[in-house]
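A.B. asks: Residue strings, one per chain:
Number of protein chains: 2
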Amino acid sequence: MHGVQLGSGLQSLNPEPPEELPAQENLLLAAAYVSDAQYNRNVPFQTSPQAIRLYYFYNHWMMGMATYIFICVDLSLALFEEPALFPLPFVATALTEVLCLTAFSVRLVHFAKVTPQMVFWKDMKNICIMVTIMVTLIDLIIYGSLAAVHIHSIRWTRALRPVFLINFPESRQTRRAFRSIRNTLPDILYVFLLFLFSVLMFSLIALKLFGDRGLKTAEGAPYFTNILEIAFELYVLVTTANNPDIMMPAYNVNWWYSLYFITYIIINTYIFMSVFLAVVYNNYRKHLKNEIRKLAYLKRHKMMQAFHILKVKVGTEFVVKEATWKQLAKVVAPDISSSHLELLLRISDEGQQGYVDKMSFLRLADLLNIQVVTVNLRRHPLEAWVPRVYQSSMSLLVQRVVRHRIFVWAYDVIILINAIFIALDEKHLFISYAEWLFLTLYIIEILLKLYTYEPRAYFGRKQYWNWFDALIIFAALVATTASAAIQSARKYNSRQILDIVLILRILRLLRVIITIERFRVIVTTLINIGPTMLTFGGLVFVVYYTFAVIGMEIFYGKVQFFDPNFTSPDALVCGNPALKGSAFARDRYCKNNFNDLASSFIVLMELTVVNQWHVLAGGFALVTHQAAKLYFILFHIVVVILIVNIFIAFILEAFFVAYSLGKSEIETAIEKKIQELGVGIQEEDVHDWKLAGNMGTVDSTFSVNDDDSRRKALKGLYFRIASKTPGSLLHPATLL
Amino acid sequence: MHGVQLGSGLQSLNPEPPEELPAQENLLLAAAYVSDAQYNRNVPFQTSPQAIRLYYFYNHWMMGMATYIFICVDLSLALFEEPALFPLPFVATALTEVLCLTAFSVRLVHFAKVTPQMVFWKDMKNICIMVTIMVTLIDLIIYGSLAAVHIHSIRWTRALRPVFLINFPESRQTRRAFRSIRNTLPDILYVFLLFLFSVLMFSLIALKLFGDRGLKTAEGAPYFTNILEIAFELYVLVTTANNPDIMMPAYNVNWWYSLYFITYIIINTYIFMSVFLAVVYNNYRKHLKNEIRKLAYLKRHKMMQAFHILKVKVGTEFVVKEATWKQLAKVVAPDISSSHLELLLRISDEGQQGYVDKMSFLRLADLLNIQVVTVNLRRHPLEAWVPRVYQSSMSLLVQRVVRHRIFVWAYDVIILINAIFIALDEKHLFISYAEWLFLTLYIIEILLKLYTYEPRAYFGRKQYWNWFDALIIFAALVATTASAAIQSARKYNSRQILDIVLILRILRLLRVIITIERFRVIVTTLINIGPTMLTFGGLVFVVYYTFAVIGMEIFYGKVQFFDPNFTSPDALVCGNPALKGSAFARDRYCKNNFNDLASSFIVLMELTVVNQWHVLAGGFALVTHQAAKLYFILFHIVVVILIVNIFIAFILEAFFVAYSLGKSEIETAIEKKIQELGVGIQEEDVHDWKLAGNMGTVDSTFSVNDDDSRRKALKGLYFRIASKTPGSLLHPATLL
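Line by line, the protein sequences are chains R and Y.
One point on numbering: in the working numbering, the residue at position 541 of the first sequence is 563, and numbering is uninterrupted.
One point on numbering: in the working numbering, the residue at position 130 of the second sequence is 152, and numbering is uninterrupted.
Keep in mind that a hint or two might mislead.
Repeated chains share a single entry, so a pair holds when one copy, or any two copies, can fit it.
Straight line, CA to CA, 25 Å or less: simulated DMTMM-like cross-link-like pairs of lysine to aspartate or glutamate [claimed, not checked]:
no. : residue 1 : residue 2
1   : Lys135    : Asp434
2   : Lys135    : Glu255
3   : Lys238    : Asp592
4   : Lys651    : Asp609
5   : Lys135    : Glu104
6   : Lys602    : Glu241
7   : Lys230    : Asp388
8   : Lys308    : Asp585
9   : Lys238    : Asp609
10  : Lys135    : Glu405
11  : Lys580    : Glu539
12  : Lys147    : Glu467
13  : Lys651    : Glu255
14  : Lys311    : Glu364
15  : Lys144    : Glu344
16  : Lys335    : Asp585
17  : Lys471    : Asp434
18  : Lys348    : Asp379
19  : Lys135    : Glu539
20  : Lys343    : Asp161
21  : Lys308    : Glu539
No lab work stands behind these hints: they were computed from the structure.
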């Protein structure tokens, strides 16, 4: 597939020689290449002017958004179809599904118009989508006609719906994660076979050792008499879920039998599971390196194509004129500020020669990817309105106090004391009054900060913690008022709404953490890898969805949940006599069922966490057939052995990178230029400023870099690199 | 400490100028340095002839062995002291302990004689041992005198016994593992604090969300009403041990509450636990690199010292004469074969100039570390005795068949069929006859192999699999005969002895795995890292022992085990009414107690596996005090968060090295020389030969490398590198 893409790219490497100032078509084509390079898109497109316009339309965020909305609607149909959380008639869901399928077809046809015919038909993704659309339509018709004559059949294509989520070009990330799994499969297969062999061998030994001793488990069932049951129990032991229960009957008889289980646990639970992680991690790293190399190659290649379209000859070398460069940048990033554009031009055209050379041009996509925060330096409104009062010695003292570290620490202490009060019993009168005191203190804090710092800067676009803070205090204010009102009216009710507000109040504790440098590093790393963790969310969602749909077909209605108090005897066995006396019923797992999509997802989540999964598997096997355990074993292999291990590998790698990597080369270049131009905020200032949401400390920079002519050129504007993420370009987080 | 060692080494860098052929003292001193380099010993010793002799005596394997035996005796005293598995009177154990302490003192005094005074007193290890000996003696006396007047006190110094295991110079590996943990502590501390903070914050939210709803757990206990209990339950949830039970009461009331638990699990169970692994692994790698660098430096330094003692001037450069070199090698490795010595000399004296230059000399320690198997090529005895019969066409055909791959595969199939028969019911007459048939087949196999291959080679020193094979068949033969005899005499009894033999019979299945190349790679890697895993065994043992001794003091006798059938009501509550209705009693965990060392170890093993640890912790808290849970939490932090993660890090690193590393440089040099000299066994032959335990294929090498003069020089001897371990020198397995 990639071969084809590269090939088609190479053909267009030498288009017709460009004129002095490029035509609008050429500019659009070049911008398309730059934009693809910027967002790592690898879609080969036709270069005719009409196709390029179609391609722009195809890449428009509205179109992508619309596709995602239709995918979401399609996936969420499972909530409304039988077995439904919110039942809707079949006609409604069927029509919605047809609508979604139509939308997918339109999107696909659009894509076919944009991309060369050859490429389109060779791409497995497109074939996949087409086949799924066809199959789903056929399935819908069959199911509908059978339903019309009251024959119940299975809507099996529902399990295929995630295909759309994976195969549209928008889901590159999820697809990469799947590719990572696929690459790992061959290597892991051998380890898995060896592991299975080991489990079977131990099963055989267990059968011979314990089989005909007539032992009983704690529930009174026969112990280790059937080789298949033993194999299942030992597989469960690998996940540690039935330890030490599985050992106890044998251990009670003889001390020495524990050695068998210890050996088993060391070999299979510790060593084999670590080897699985090692194999997955090793493949992940190898794969990551290849992806990075390939992406870097493709990006460079696209930038070269853009350069060839726009280049003009100056002296002996080909360059891109400054005017062309600016036009291009404006097409690629329409909402870029002119000062930001100016900064980028200064970096690209180092010698201010009026043109950008090839090497600098190739960096453009990376430059655009780096978020530079434009800091507007404005005076405090009060300073403008009542300068005398705001500059009085009293007012300046207040401002100095608010900016001082001790002010932050004092509020940290207040938050901690508040936490203790929250933990104490709320009904006590004194404590409920204390809550008002704390609220007052917090509101005073915010007011003081707004007095000291420029309000628009304090609530700037990237000032998440300030927003977070204000939001939580506002919520707490509403909550406490509402709570007082409700309590005086009638005693405790409708607390559900207040619950969330209450949680928000406790979340305020998070602010204390951010004050401490060492903690902030860890939290920042975690927040930085957050977006990629969402990719895993997508991956897990796809697998969950498929398993949930299959699970609903197999287990629907077999287990019923009646009431939380388990009063009736029917409720105690989850409405199924087969569960009488089972661990499933005894542990009151009736609500863990496959009766709707939400419940299924929660059951699958519990299976992912692994503990007690054998009880769930055993319960569902009792109400259907022992073979149902295979469903749960398969889920364990796919989710726990593969996906969770890849997730751990990802976290390991992300932390290693965070530990070892500094800024990427290009970020450093920009930062250097910002400092050179005298429009930067010093590191220490950034630090202070982050701490206190402070804009004022920039003053100190003023006095340090007082190159007035330059400052005027970019008047009142200060820059800093937005994220301290280690190399957002090559960071694994952006790749998988 | 290391600084001192290096310093003392540097002082002796320039001893008195050496004579033409070194005196015995000089040779011994040089050999001591080489030996230290070979075994990575870092003990600075005095260089007076008397001290060197003492040092040799100190390093003698008998002395090390004796020390280990005394340590083992000292540690095993816990089996005989109250609470005892095998009770002995206090006088006996006290006297044994005094004996052990005396032995340790003697060993320490010996060490003090060997090492310079300054170094000895600055070494924390020695101080540690001395203090522990003193404290233990005092404790013994106090306990003894109190016991004489029938006052029971606590023998708390028993928990200090592992100090001896760690601090004697012999336990370098275990000490390195501890150092690795210590290095990790600062980094992990911050993550741990953040994690604790997160748990506490979630506890607070849980208290507010669920606290006053009057919910009940499945056991009918109040649900989430006490902040400390909530914190404990949520800590347990991190280990997944109480999932999904802890969620069910809230989930039963309202679907949405599951979101709280899902968020908690994602953040604390998945992300934080992965971060712990990342931090541990990152430190482990960093630490490993430093250790390797330091060891390489020290090794080179010692070899330099040895070189300076033995060097003579030839032409412009200093070298070591061949005769001196040989003397030295014989002192360092007394049991080296003369042909092996010859091989090493050929490698070290490349140009056969009669001396070894400095660079080659420095490699000596590494050369000696590489195991080269000397293969004695002998003719089959039958060929010597009855050449006519052995060389007959019939006999040759048999030999060809046995050597063929299909012969191996045929027996693999037979083993698998046998496995199925073992799984089937043994009491059936036909099947018990089949066992005899299989046994006969196996014995025929071994006889055929002994007929084809030279018997002494087949049972050579490194032919583990052949030994394994023969042993298991022999055991199966004995077992089947004995079993038949017993069954005819009286029906089923005294099976314990036969159990082990039966297991051995099943272990024969392992041979099938070794036939398949991909599996062999994995198994070989696992076997190669085996010795280092034993280091972890030592580490775990030390921690277990300390926790077990403390546990026995706290929990002795609180939980009793009566009989495996739990017939009496006392047995059902483990002899303690406090356990009535508890999960501990209901799950019949009575035998999980701290009433003797063995039971304690098994409880700790169960705690390591983590599942149900809250039930154990809860049970022991019920019979003592809620604070007892701290003991279990501490154990979890030390063993699961630290040691298990280091173990996983070690396996990860070992597998990465195995995946990426080839042979070390020096192994390649030796192998090249072996091939050059025409005395090597080709790779493919080694392969065949490993498969079939075959000596005969060496014939093919004979015909390939027919450099007769050389072959005569090392007549009948063939070499190959024993282990295919990736670089046993720098392999992490040898380091930690």
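A.B. asks: Which hint numbers does the structure go against, in order from smallest to largest?
C.D. replies: Hint check: 1, 2, 5, 7, 8, 10, 11, 12, 14, 15, 16, 19 and 20 fail, others pass.
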